[in-house]
Amino acid sequence: MLRFIAHRLALAVPTLVLASMIIFALQQLLPGDVATALTGEERDPEVVAFIRQKYHLDEPLPVRYAYWASGVLQGDLGESVRLQKPVSELVLEKLPVTLELACLAMLVALVIGVPMGILSAVKRGTWMDAAANGVALWGLSVPNFWLGILLILLFSVHLGWLPASGYVPPGENLVENLRSMAMPAFVLGNAIAAVMMRHTRAAMLGVLGSDYVRTARAKGVSPLRLVLRHALPNAAIPIITLGALEFGQLLSGAVLTEQVFSVPGFGKLMVDAVFNRDFATVQGVVICTAATYIALNLAADVLSAVVNPKLRRA
Amino acid sequence: MLRLAAACLASGLALTPLLTRPLAAQTSGPTLRYGMMEDPDALDPTLARTFASRMVFAALCDKLVDIGPDLKPVPQLATKWELSADEKTLTMTLRPGVRFHDGEPVNAAAAKFSIERHLKLPGSQRRGEIAPIDSVDVVDDLTFRINLKQPFAPLMAQFTDRAGMLVSPKAAERLGDKFASGPVCAGPFKFVERVPQDRIVVERFPDYWNKDQIHIQRIEFRPIPDTTVRLTNLRAGQLDLLERLAPTDAPQVARDAKLKLASTYELGFQSVLFNTAKAGSPIADPRVRAAFELAIDRAAISQVVFNGEFLPGNQWVSPKHPDYVKDHPIPKRDVAKAKALLAEAGQPKPQITLMVYANSEAPQVGQVIQAMTREAGFDVKLQATDFTTALDLADKGNYEAYLYNWSGRPDPDGNTFSFLSCKAPLNYPRYCSEGADAALQAERGSVDPEKRKAAWKALADKVLTDRPGVYLMHRKLLWAYSPKLTGFVPYPDGLARFTGLTLN
Numbered sequence: 001m002l003r004f005i006a007h008r009l010a011l012a013v014p015t016l017v018l019a020s021m022i023i024f025a026l027q028q029l030l031p032g033d034v035a036t037a038l039t040g041e042e043r044d045p046e047v048v049a050f051i052r053q054k055y056h057l058d059e060p061l062p063v064r065y066a067y068w069a070s071g072v073l074q075g076d077l078g079e080s081v082r083l084q085k086p087v088s089e090l091v092l093e094k095l096p097v098t099l100e101l102a103c104l105a106m107l108v109a110l111v112i113g114v115p116m117g118i119l120s121a122v123k124r125g126t127w128m129d130a131a132a133n134g135v136a137l138w139g140l141s142v143p144n145f146w147l148g149i150l151l152i153l154l155f156s157v158h159l160g161w162l163p164a165s166g167y168v169p170p171g172e173n174l175v176e177n178l179r180s181m182a183m184p185a186f187v188l189g190n191a192i193a194a195v196m197m198r199h200t201r202a203a204m205l206g207v208l209g210s211d212y213v214r215t216a217r218a219k220g221v222s223p224l225r226l227v228l229r230h231a232l233p234n235a236a237i238p239i240i241t242l243g244a245l246e247f248g249q250l251l252s253g254a255v256l257t258e259q260v261f262s263v264p265g266f267g268k269l270m271v272d273a274v275f276n277r278d279f280a281t282v283q284g285v286v287i288c289t290a291a292t293y294i295a296l297n298l299a300a301d302v303l304s305a306v307v308n309p310k311l312r313r314a
Numbered sequence: 001m002l003r004l005a006a007a008c009l010a011s012g013l014a015l016t017p018l019l020t021r022p023l024a025a026q027t028s029g030p031t032l033r034y035g036m037m038e039d040p041d042a043l044d045p046t047l048a049r050t051f052a053s054r055m056v057f058a059a060l061c062d063k064l065v066d067i068g069p070d071l072k073p074v075p076q077l078a079t080k081w082e083l084s085a086d087e088k089t090l091t092m093t094l095r096p097g098v099r100f101h102d103g104e105p106v107n108a109a110a111a112k113f114s115i116e117r118h119l120k121l122p123g124s125q126r127r128g129e130i131a132p133i134d135s136v137d138v139v140d141d142l143t144f145r146i147n148l149k150q151p152f153a154p155l156m157a158q159f160t161d162r163a164g165m166l167v168s169p170k171a172a173e174r175l176g177d178k179f180a181s182g183p184v185c186a187g188p189f190k191f192v193e194r195v196p197q198d199r200i201v202v203e204r205f206p207d208y209w210n211k212d213q214i215h216i217q218r219i220e221f222r223p224i225p226d227t228t229v230r231l232t233n234l235r236a237g238q239l240d241l242l243e244r245l246a247p248t249d250a251p252q253v254a255r256d257a258k259l260k261l262a263s264t265y266e267l268g269f270q271s272v273l274f275n276t277a278k279a280g281s282p283i284a285d286p287r288v289r290a291a292f293e294l295a296i297d298r299a300a301i302s303q304v305v306f307n308g309e310f311l312p313g314n315q316w317v318s319p320k321h322p323d324y325v326k327d328h329p330i331p332k333r334d335v336a337k338a339k340a341l342l343a344e345a346g347q348p349k350p351q352i353t354l355m356v357y358a359n360s361e362a363p364q365v366g367q368v369i370q371a372m373t374r375e376a377g378f379d380v381k382l383q384a385t386d387f388t389t390a391l392d393l394a395d396k397g398n399y400e401a402y403l404y405n406w407s408g409r410p411d412p413d414g415n416t417f418s419f420l421s422c423k424a425p426l427n428y429p430r431y432c433s434e435g436a437d438a439a440l441q442a443e444r445g446s447v448d449p450e451k452r453k454a455a456w457k458a459l460a461d462k463v464l465t466d467r468p469g470v471y472l473m474h475r476k477l478l479w480a481y482s483p484k485l486t487g488f489v490p491y492p493d494g495l496a497r498f499t500g501l502t503l504n
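Chains as they are written, first to last, in the UniProt record's numbering: chain A, 1 to 314; chain B, 1 to 504.
In case anyone wonders, no lab produced these hints; they're calculated from the structure.
Some hints here could point you the wrong way.
Straight line, CA to CA, 35 Å or less: simulated DSBU-like cross-link-like pairs of lysine-lysine [claimed, not checked]:
{"id": "1", "chain 1": "B", "residue 1": "Lys332", "chain 2": "B", "residue 2": "Lys462"}
{"id": "2", "chain 1": "B", "residue 1": "Lys453", "chain 2": "B", "residue 2": "Lys349"}
{"id": "3", "chain 1": "B", "residue 1": "Lys332", "chain 2": "B", "residue 2": "Lys258"}
{"id": "4", "chain 1": "B", "residue 1": "Lys349", "chain 2": "A", "residue 2": "Lys54"}
{"id": "5", "chain 1": "B", "residue 1": "Lys337", "chain 2": "B", "residue 2": "Lys484"}
{"id": "6", "chain 1": "B", "residue 1": "Lys120", "chain 2": "B", "residue 2": "Lys339"}
{"id": "7", "chain 1": "A", "residue 1": "Lys54", "chain 2": "B", "residue 2": "Lys396"}
{"id": "8", "chain 1": "B", "residue 1": "Lys453", "chain 2": "B", "residue 2": "Lys211"}
{"id": "9", "chain 1": "B", "residue 1": "Lys278", "chain 2": "B", "residue 2": "Lys476"}
{"id": "10", "chain 1": "B", "residue 1": "Lys332", "chain 2": "A", "residue 2": "Lys54"}
{"id": "11", "chain 1": "B", "residue 1": "Lys381", "chain 2": "B", "residue 2": "Lys423"}
{"id": "12", "chain 1": "B", "residue 1": "Lys112", "chain 2": "A", "residue 2": "Lys85"}
{"id": "13", "chain 1": "B", "residue 1": "Lys178", "chain 2": "A", "residue 2": "Lys54"}
{"id": "14", "chain 1": "A", "residue 1": "Lys85", "chain 2": "B", "residue 2": "Lys326"}
{"id": "15", "chain 1": "B", "residue 1": "Lys170", "chain 2": "A", "residue 2": "Lys85"}
{"id": "16", "chain 1": "A", "residue 1": "Lys54", "chain 2": "B", "residue 2": "Lys457"}
{"id": "17", "chain 1": "B", "residue 1": "Lys396", "chain 2": "B", "residue 2": "Lys339"}
{"id": "18", "chain 1": "B", "residue 1": "Lys178", "chain 2": "B", "residue 2": "Lys80"}
{"id": "19", "chain 1": "B", "residue 1": "Lys339", "chain 2": "B", "residue 2": "Lys349"}
{"id": "20", "chain 1": "A", "residue 1": "Lys54", "chain 2": "B", "residue 2": "Lys120"}
{"id": "21", "chain 1": "B", "residue 1": "Lys332", "chain 2": "B", "residue 2": "Lys457"}
{"id": "22", "chain 1": "B", "residue 1": "Lys339", "chain 2": "B", "residue 2": "Lys381"}
{"id": "23", "chain 1": "A", "residue 1": "Lys85", "chain 2": "B", "residue 2": "Lys278"}
{"id": "24", "chain 1": "B", "residue 1": "Lys326", "chain 2": "B", "residue 2": "Lys457"}
{"id": "25", "chain 1": "B", "residue 1": "Lys211", "chain 2": "A", "residue 2": "Lys85"}
{"id": "26", "chain 1": "B", "residue 1": "Lys339", "chain 2": "B", "residue 2": "Lys326"}
{"id": "27", "chain 1": "B", "residue 1": "Lys72", "chain 2": "B", "residue 2": "Lys112"}
{"id": "28", "chain 1": "B", "residue 1": "Lys278", "chain 2": "B", "residue 2": "Lys260"}
{"id": "29", "chain 1": "B", "residue 1": "Lys423", "chain 2": "A", "residue 2": "Lys54"}
{"id": "30", "chain 1": "A", "residue 1": "Lys85", "chain 2": "B", "residue 2": "Lys396"}
{"id": "31", "chain 1": "B", "residue 1": "Lys453", "chain 2": "B", "residue 2": "Lys484"}
{"id": "32", "chain 1": "B", "residue 1": "Lys260", "chain 2": "B", "residue 2": "Lys337"}
{"id": "33", "chain 1": "A", "residue 1": "Lys54", "chain 2": "B", "residue 2": "Lys112"}
All of these numbers come straight from a predicted model, not from anything done at the bench.
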């Protein structure tokens, strides 16, 4: 198991380097640079030249990459030119917010998606199955932005139960924090729950039809135990894989949802950075997201091995 | 899976020490929550360039002078000023007993330091605004003298904005180019904290020179880019005041008893700029540009896209502005004449690409222009891009027509000089005319109202005939706020003034 993890971690290094190179090169395709964006409409040619020189923007691409990479190796992700703040500070500020939102959204997705998937598989062909599928279809079709605004109108404007925006750190007030995160987590989780439900249903249907489940049923195992103890663990593997992928997506920031609820996470940071050609920030966020993504995939593999001992030998 | 989620949640909570806010001593009193359209850039008056940062500076940094409702300078940190007869020396006297947020005195030495910082700090965005300043002399503790290389009429107007903001020399020297991380000025509020993309918090400065007029304890600036979301937050009570309400939402807010609406016309303009030097493009022909203008109905654009809230105009200042040249009224739409001009130019069906920002409104304006000019024979293609791309293309001359907005300055010089003089940095049309240059030098050369009036007329005669661009309209700046807020006065520079505001 340890060798397996070490092997995967070693593979992560070239992946990260490659990701950073690709994103660095891609950004150069955008017209304009940070000097254009920063000086904006009130441009002074001397200021533009100064910024270009200060941030090595006139150097060839490989040289600039080398500047950036050597900084990263020394633990320096660079400085956000627009905000004049170290990128590492920005990332540390936003990562916990994004991580919390992603976890809560995942929780919503699991709590809604998995039981619904199981139910619709067990009660296949009944009205419950149809209803669960209907809910899933709704979750997949509703745009986040629209659902977000509707929720704000209902829960904040009309009922006044939840704040429309404004992030409160959990360390300051946990209850307020959860109240401010409830709607964004639901909006994000709702869409994932639909995918979760469909996958759980398909996996469960496959397992429920297998020989060992029929044998267990013939031996008189109670229906609840049959589903939870015998069928679910085997059906769980595709769900775990899917969960890790969806979670990784959440970590790269949920731009629209963050926009609607003014959640200060990765999505907003990233979008602002791209529009302002704040390359150091984009690089920093991408590297952190990629690293977390890799870590999550590793966690999913480990978890799959825990659930299914057969995978441990692979 | 549940375990994965639980582990994540646990790790998230483990990071909570990172999440706690570094709160300054909280004192009681109302907090004003201000919804802004964008997250400001660096909070350093010398380096900043965005409209959003000017908004925050309105709370943080007092200026030498402010603008009054008639756009004339009124005292702020400076109480008296006198221009020498040759208009090359300006002597200013500061208000006595004023302190910066760090307790340092606001004196002539600090004024000299701040102005020199605007002129010399590498990367300064202010240098161009006050470039004619040659040197600053300290006369006595509260008096300083500004020596100009040549007469410069817009100087006082520049001092009503960031170029007139004074910073604490001690803090500026200590923080260097990191001044934006903890700006220290002499405004009614002092900096508390900033979380990028989330909030900027400022707190009442107890030793402010005009503290009796400051009734708000804290201000939280919250960037919420989407106009609908911003308005929803105001309705839900998460904000007390929001800027740049969408014109299409204005009637709804006006009807709502739980909200209040304030508005004023901007100092800037919306225009279509033409690349007059674009080789091979029909737009390089002045007759085609004239036809383009004749094909446009400005009032209709305002009506269709902006609910009739924007003011049609044809000059760099609005028809309501004291410096509007009345000899050049807004031309009426005349499709037949436009067609005749195109025929004369030998371009009956000119193809033109119009660059617009990819936001919610600009493409709509582009579509209306497209439809209107089509009737005269134009074939306008729209190219939607983001702001930086548009600037880059305009800079390199890779465009034909560009739907361009300028937020405006109190002195019309700020709306003209950098755009219309030969080789000026914002001269995207690559326009160069001796007549226009002479007029621009003349308006800068003297503060005498009669001389300046003649210069504006000469400039209009030239520019409105050459048409390096077509001025379309002037935006209405709209604020919506809670009725709990009283004393709010809209200023045409689009910035709120926090003096005299109360929040119950």
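Structure-based check of each hint:
no. : hint                : in the structure
1   : Lys332/B - Lys462/B : holds (19 Å)
2   : Lys453/B - Lys349/B : violated (39 Å)
3   : Lys332/B - Lys258/B : violated (41 Å)
4   : Lys349/B - Lys54/A  : violated (48 Å)
5   : Lys337/B - Lys484/B : violated (54 Å)
6   : Lys120/B - Lys339/B : violated (53 Å)
7   : Lys54/A - Lys396/B  : holds (22 Å)
8   : Lys453/B - Lys211/B : violated (39 Å)
9   : Lys278/B - Lys476/B : holds (33 Å)
10  : Lys332/B - Lys54/A  : violated (50 Å)
11  : Lys381/B - Lys423/B : holds (28 Å)
12  : Lys112/B - Lys85/A  : holds (28 Å)
13  : Lys178/B - Lys54/A  : holds (15 Å)
14  : Lys85/A - Lys326/B  : violated (49 Å)
15  : Lys170/B - Lys85/A  : holds (21 Å)
16  : Lys54/A - Lys457/B  : violated (43 Å)
17  : Lys396/B - Lys339/B : holds (31 Å)
18  : Lys178/B - Lys80/B  : holds (32 Å)
19  : Lys339/B - Lys349/B : holds (9 Å)
20  : Lys54/A - Lys120/B  : holds (16 Å)
21  : Lys332/B - Lys457/B : holds (20 Å)
22  : Lys339/B - Lys381/B : holds (19 Å)
23  : Lys85/A - Lys278/B  : violated (40 Å)
24  : Lys326/B - Lys457/B : holds (9 Å)
25  : Lys211/B - Lys85/A  : holds (32 Å)
26  : Lys339/B - Lys326/B : holds (27 Å)
27  : Lys72/B - Lys112/B  : holds (23 Å)
28  : Lys278/B - Lys260/B : violated (47 Å)
29  : Lys423/B - Lys54/A  : holds (25 Å)
30  : Lys85/A - Lys396/B  : holds (30 Å)
31  : Lys453/B - Lys484/B : violated (43 Å)
32  : Lys260/B - Lys337/B : violated (45 Å)
33  : Lys54/A - Lys112/B  : holds (27 Å)
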